[in-house]
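Q: Going by the numbering used here, the sequence shown opens with residue 1, and the numbers climb by one from there.
If you're looking for bench data, these hints aren't it; they were derived computationally from the structure. Hints may be right or wrong, so weigh each one.
[Stated by the list, open to error] Pair by pair, the computed Cβ-Cβ distance ranges are:
hint: 1; residue 1: H26; residue 2: E79; range: 26 to 36 Å
hint: 2; residue 1: K32; residue 2: E56; range: 28 to 38 Å
hint: 3; residue 1: T59; residue 2: G90; range: 27 to 37 Å
hint: 4; residue 1: S52; residue 2: T89; range: 14 to 24 Å
hint: 5; residue 1: G80; residue 2: A46; range: 29 to 39 Å
hint: 6; residue 1: R24; residue 2: A53; range: 29 to 39 Å
hint: 7; residue 1: K29; residue 2: E56; range: 16 to 26 Å
hint: 8; residue 1: E21; residue 2: E79; range: 18 to 28 Å
hint: 9; residue 1: S60; residue 2: L105; range: 25 to 35 Å
hint: 10; residue 1: S60; residue 2: E33; range: 28 to 38 Å
hint: 11; residue 1: A20; residue 2: E79; range: 16 to 26 Å
hint: 12; residue 1: G106; residue 2: A25; range: 11 to 21 Å
hint: 13; residue 1: E21; residue 2: A53; range: 25 to 35 Å
hint: 14; residue 1: R27; residue 2: S52; range: 26 to 36 Å
Ideal Cβ positions, reconstructed from N, Cα and C, are used throughout, including at glycine.
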Amino acid sequence: AAADEEAGPAEDEEPAQTAAELRRAHRIKAPKEAPDPAPSLRALRARYQCPSALAEQVTSLGYARFTPVQMQVVPAMVEGHDVLACAPTGSGKTAAYGMPIVARLGGPKPG
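Put together the whole structure using the sequences plus the hints.
A: Right, here's the structure in full:
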């Protein structure tokens, strides 16, 4: 499935990195005012209010670690920044844009 391709390695496979280290390691270019990248859903939930139903749905699709574009785009959109992302096909751009939009709309509704 497409979600499996974008999920990346398990969350506990890499030690914690600073924002600068993450950006350097994943070749992420972002302006100085951009929020720190979030390498995983767990990191994102620790930093922001995230509807639990949305987090459960994202997890059920196989997302544990974010792709580089998701690491930077999701926090930026959650904080309300305008975003222009350029990344190859299959890099996770659609999910990077979609997750914050669904979160802002209130997440998936039960039932």
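Q: Hints first: check each against the structure and report whether it holds.
A: Results for each hint:
The given range of 26 to 36 Å is broken by H26 and E79, whose C-beta atoms sit roughly 19 Å from each other. Range check, K32 to E56: about 34 Å between beta-carbon atoms, so the 28 to 38 Å window is met. At about 21 Å, the beta-carbon gap between T59 and G90 misses the expected band of 27 to 37 Å. Remark: the range hint 14 to 24 Å for S52 to T89 is contradicted by a beta-carbon distance near 31 Å.
Separation of G80 from A46 is about 19 Å and departs from the stated range, judged on CB atoms against 29 to 39 Å. At roughly 35 Å, the beta-carbon separation of R24 and A53 lies within the given 29 to 39 Å, and the hint holds. Checking the proposed 16 to 26 Å range against K29 and E56 shows it is violated: the Cβ atoms sit about 32 Å from each other. One distance hint, 18 to 28 Å for the beta-carbon pair E21 and E79, holds here, with the actual separation near 21 Å.
With their beta carbons about 19 Å apart, S60 and L105 fall outside the hinted range of 25 to 35 Å. Between S60 and E33 the beta carbon distance is about 34 Å. The supplied range of 28 to 38 Å therefore holds. The supplied range of 16 to 26 Å is met by A20 and E79, whose beta-carbon atoms lie about 18 Å from each other. Range check, G106 to A25: about 34 Å between beta-carbon atoms, so the 11 to 21 Å window is missed.
Take E21 and A53: their Cβ atoms lie about 32 Å apart, and the range 25 to 35 Å holds. At about 33 Å, the CB distance of R27 to S52 agrees with the hint of 26 to 36 Å.
Violated hints, in rising order: 1, 3, 4, 5, 7, 9, 12; the structure is consistent with all others.
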